[in-house]
Amino acid sequence: MTSYAKRIDKRKFDELRPIKAEVGIIPNADGSALFAFGETVAIAAVYGPKPLHPAHMQNPERGIVRCNYNMLPFSVTERAKPGPSRRSKEIGMVSGNALASVIDLERFPGTVIDVEIMILQANASTRCAGINAAAMALAQAGVVMKELVSSVSIGKIDDKIVADVTKAEEDWEDGEGATDIAFTMTSVTKEITHLQLDGRIQTHRFKEAVEAARQACEKIHQYQIRALKGEKIDENK
Amino acid sequence: MKLTNINRQKIIDLLKDDKRLDNRKPFEYRDIEIDTNISINAEGTARVKIGKTEVIVGVKMDTQEPYPDHEDEGTMITGMEFSPMSGDRYENGPPQMDSIEVARVVDRGIRESRFVDWKKLCIKEGEKVWSIMIDIYCINDEGNVMDASAIGAVAALKMARFPKYDKENESVVHGEFTDTPLPLTEHIPFTMTFHKIGNKLLLDPNRNEEDSSEAKLTLSVSQAGKKDKMINSMQKGGIIPITSDEMEKIITEAEKAYDKVFPDIEKKIGKLKR
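Chains as they are written, first to last, in the numbering used here: chain A, 1 to 237; chain B, 238 to 511.
Read the hints as simulated data drawn from the structure, not as lab findings.
All C-beta atoms in this analysis are idealised placements derived from N, C-alpha and C, irrespective of residue type, glycine included.
There could be a bad hint or two in this list.
[To be verified] Stretches of chain B that chain A covers, calculated by requiring three or more beta carbons in the stretch to come under 8 Å of a beta carbon on chain A: (1) 263–277; (2) 321–329; (3) 455–466.
[Claimed, not checked] In silico lysine to any residue, SDA-like type, Cα no more than 20 Å apart, as pairs: (4) K81/A / E302/B; (5) K286/B / K81/A; (6) K81/A / T312/B; (7) K505/B / T312/B; (8) K289/B / P263/B; (9) K473/B / E490/B; (10) K466/B / K504/B; (11) K289/B / K81/A.
[Stated by the list, open to error] So, partial list: chain B residues that the calculated Cβ filter (under 7 Å) puts toward chain A: (12) K289; (13) N377; (14) G412; (15) I476; (16) P478; (17) T480; (18) D482.
With these hints in hand, go ahead and build the complete structure from the sequences.
Here it is, written out as structure tokens:
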């Protein structure tokens, strides 16, 4: 049995994979962005706020966010069946909620903001990359937000807390095995707007994971801000 | 819709003098960009931009039982989706007629041109053959997604490499690739769509022009070496008919467009590196 002394891809435990971040990649959209953690590449586009049809779905007090997550068939090693699945519907919903938390929806009663997330290439943490891209797309669209959100997967691989989990780490079986925790946090107040956990983690270690998420989200936030200022970030180069 | 109508009249007026809103000639394409390496998990990928229209295409491969009437030939399925990302007219939901049509027309261009040597995709006659799955996604629609999709499918097939195959277990090792390209022929299909607006014909419509189009005709043309150009598939769209004279004009212009536009596309695909 091997303990997880070093990360498989030689990163430090709190180190993110090389980041790619860019806004304005879909000319037709009101806002759009690309965000990549290494081999995990997501793009997002935002349309709206716009009138919601059918009218009976409108909320006269606030706008709604409709988020769709789409993992392309060729983004994964074994072709994913095209079209919505239970998994993609769930991720779309939690991603939409993660983003809606910071949008000033009361300014847009009766409207909808459509957020479309597409995973082009997948090596774990796809929902986090998608949320990061979508947050940037919303900001670029000029949707009024209280603050930005940033998302990261925190893992407990064996007994080590790591940031930005890869597929190989998710599949780690030795020692305490792998726990995957997806966090989305607001950029200023560091509130949690999305949280999903799969695995086994001691209750007394959970706060370490939250702290790791805070630090990772702060780094991601800086990339998002730089990209929103017009920089095309590509750390692979 | 009113805005479209204003544009339509302007488009028709300009076309009378063989002019267009973006200063192109009637049968002139916008700039075409071709790129690859969208996903390391795919056997082959391509990104095609025609002007601001953008599609991404991926090829995945697996094995399956052959169809009973083609026991020694590989198979292919082509799927296409206009992502809601590609414009505010698109909504989520099952594939609509427009995307089904693009998928089927692209599929027929590849199939009927014999671009793929199907018999070389046979592993064991009657039992096991390779299957090719082409998935096309439009992510920005500024008109002429049909031609962009067809170019993308050809480029993605050109870039594709066989996955590793475990002979003992007779199954594909997903995510591991060989250096072996697909058995493709020199009959590369080039698909072009003519549109009819107010009795005038044009190629590569932008969004406004496509919205004003009354009829369209897609042709897939291939040519092996210096041999005759062959039409491999056609599809007429729209309610307004095409006259015999227009049909003749389309064939003449298709030959010209093939000689003018296709060599450049072939060169761009040839330069792609995985």
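Comparing the hints with the structure gives:
1. 263–277: holds (count 3)
2. 321–329: Answer holds; 6 residues pass the 8 Å Cβ test.
3. 455–466: Our answer is that it is violated, as 0 residues pass the Cβ test (under 8 Å) against chain A, missing three.
4. K81/A / E302/B: Distance of about 19 Å is within 20 Å: holds.
5. K286/B / K81/A: 25 Å, violated
6. K81/A / T312/B: 17 Å, holds
7. K505/B / T312/B: 27 Å, violated
8. K289/B / P263/B: Judged against 20 Å, a Cα distance of about 18 Å means the pair holds.
9. K473/B / E490/B: Given that 20 Å is the threshold and the Cα spacing comes to 16 Å, the pair holds.
10. K466/B / K504/B: 19 Å, holds
11. K289/B / K81/A: Roughly 28 Å separates the two Cα atoms, so the pair is violated.
12. K289: K289/B check passes; min Cβ-Cβ to chain A is 5 Å, inside 7 Å.
13. N377: 5 Å, holds
14. G412: Constraint on G412/B satisfied, holds at 3 Å.
15. I476: 27 Å, violated
16. P478: Nearest chain A Cβ about 32 Å off; hint violated.
17. T480: Cβ of T480/B sits 34 Å from chain A, so the hint is violated.
18. D482: 36 Å, violated
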